[in-house]
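Visitor: We have chain F already, so just place chain L on it with the hints.
Listed here are the chains, written in short residue letters.
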Amino acid sequence: MQWLFENPLANMPGPAFLGLFGALLVGAIIILRIKAANIEQGDHATPLAIPDQIDPYKIAYLRGGDTEVIRTAMLDLVEQGRIVDVQKEGLGKVLSQAKMQWKVADPTDTGADLPPIQRAILRAFAIPRDPETLFQSDIKSRVHEETRPYREWVDQEKLEADPEGRLQLRKLMIICLIGIETLGAYKLAAAWMHHRSNVIFLIGMMFFAMIILPICAQHRRLSQRGKNFLRHLQSAFGKLRSVKDARSKPVEPNYAYGNASLPLMAMGIFGVSALQGSSYDPLYQSYQRAASTSSGCSTFTSFGCGSSSGDSGSSCGSGSSCGSSCGGGGCGGCGGD
Amino acid sequence: MAGAVAVAVVETKPVPAREPLRSLGVGLGYRPVHRDEIFAHRSSIDFFEIVADHYFSASPPKLAELDLLKSNFPLIPHGLALSIGSADGIDQRYLQDFQRVVETVQPAWCSDHIAFTRAGGIDIGHLTPLPKTAASLRVIRDNLRRVQDCITTPLILENITESIRYPEDEYTDAEFLGRICEENNVGLLLDVTNLYINSVNYRFDALEVVRRLPKDQIVQLHFVGGRMEDGRWVDSHDATTQDEIWQLLEAILSLAPVKGVILERDEKIPPLKDLIPELERARDLYRHAIPA
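Residue numbers (the working numbering), protein chains in the order written: chain F, 1 to 337; chain L, 1 to 292.
Just chain F, same shape as in the assembly (with noise of 0.2 Å):
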């Protein structure tokens, strides 16, 4: 057993072995890097057209899954008069002015003539509640399961990061961590075996690896493709970038819209962001003042959570393991002389 702490590895001097641990490390990261990219990247040479008819819903769900989904059929009860703002009922001075509550408009509604999201949804403001509370409760599991159709839209025209790709990319990351760790793990066992303690470097070099590959793991929600078929449509409807009087105007008859208002075209198509300052505001404000007192993913932004550069829907999240596998006790030596 002698050979396992008395060989070149083990004896390695520190400088030599960190730089080859680091080389490992930075390999790792290219190699992460590179399988992320082709996995957002998927098949973007043929474009999806923007369809004749737009559903907001199925938009909205492009853009953020069923938290935008929620949002959108929340709007739509309100345009139909159907929840209102508590404040408006003349409850609101009482309430805390942090906390923007909405209801049903009428107790009696039970929204049977409504598609099941939106009955869902009503049915939850039976009590008055702050909008953001329905991300936490169990209408999302309920709007999940309707949102089916839209799942398989979204993978049958490839929009999403390839599923494969990602398990694949998980195990990848997983594959690299352990072994990263292990060789690092190795080598403060043979420190340990020598009686050496200058071992700091390394131990940082660890906790650096275990931080640094899963974020180098995550990918965009969204392929390529869903990506520019998103940026097309948000470039195609500038106009309704902001819908600021969009309630003060007929709607008219319009090809691309169906049946569906100016205003849930907007919410589908760029988030709440675009009711901010219209009729809509307190639904803006609403979302803007559970999105400051909360963190996480529950951002009020047209591109769902944690997304910095303006695409949508983030990896927040998806498949890597942030922040597992750490501790575990025993840092001992570094070893080398």
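The list that follows gives simulated cross-link-like pairs (lysine-lysine, DSS-like), each with its CA atoms no further than 27 Å apart:
(1) LYS62/L to LYS239/F
(2) LYS171/F to LYS158/F
(3) LYS70/L to LYS58/F
(4) LYS171/F to LYS35/F
(5) LYS158/F to LYS58/F
(6) LYS158/F to LYS70/L
(7) LYS239/F to LYS268/L
(8) LYS58/F to LYS103/F
(9) LYS70/L to LYS268/L
(10) LYS58/F to LYS239/F
(11) LYS239/F to LYS70/L
(12) LYS140/F to LYS58/F
(13) LYS158/F to LYS35/F
(14) LYS273/L to LYS239/F
Simulated from the structure, these hints should not be mistaken for lab results.
Every value quoted in this text rests on a predicted model; they were computed, and no experiment measured them.
Guide: The following block gives chain L in isolation, referenced to the frame of chain F:
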């Protein structure tokens, strides 16, 4: 008499085989002011004609616009200043820019004008008519060879409105257009409005010209309304298409297997919805004459 000459040309110059072009239907000359409206009326627009020059050295927003259009509609790049009639040849830089747009768009065909916009190295900034002479035909032939060496996409050429006519003219309109098409294996973009305006201003029968043209080489049509100014028709591109032009358009569609028709409104551009009736009327005529 003119007809006899045109027939003789056809006999002495056999037309090389050309791949058939696909039919695109009825479309619109793209104008950025309509950008926010096009998807609300997309069922009325089969394809767009874009001004190629607007995408030379284009800014990122212009390139994004081109990408949006290309992803959703068949596009035909239409050049303004290839200057196919310039005796001093084709501007290489313009040709390269035009080629780049054509390669980006990958259209069924591309187009420019039977005119010169440059002479002695100076840009005139206007589509200027050519004298209808054998010398002009030679210049066009040489320039077209250079263009066709560079751009493999079929190029079609458009007849322009003639503000002047030359005393040296050796050919009639039909002979000149026919020779250009037959001798160079290029299609014709027949601007119905230009043909009508020339026929009124210079007193000839527009339909007779069409009858004497090689019908199979009339690939595309342009139409738009013009207006009278000081007793002459002006190609103002600023009005609803007049009945006389509709009648000529209908007659041409019944004579030639046209592949595409474009409404080309450039001035006093109304909202897109106001152009839809003209597009629909053209579509009815097109469908009636050229069943799918």
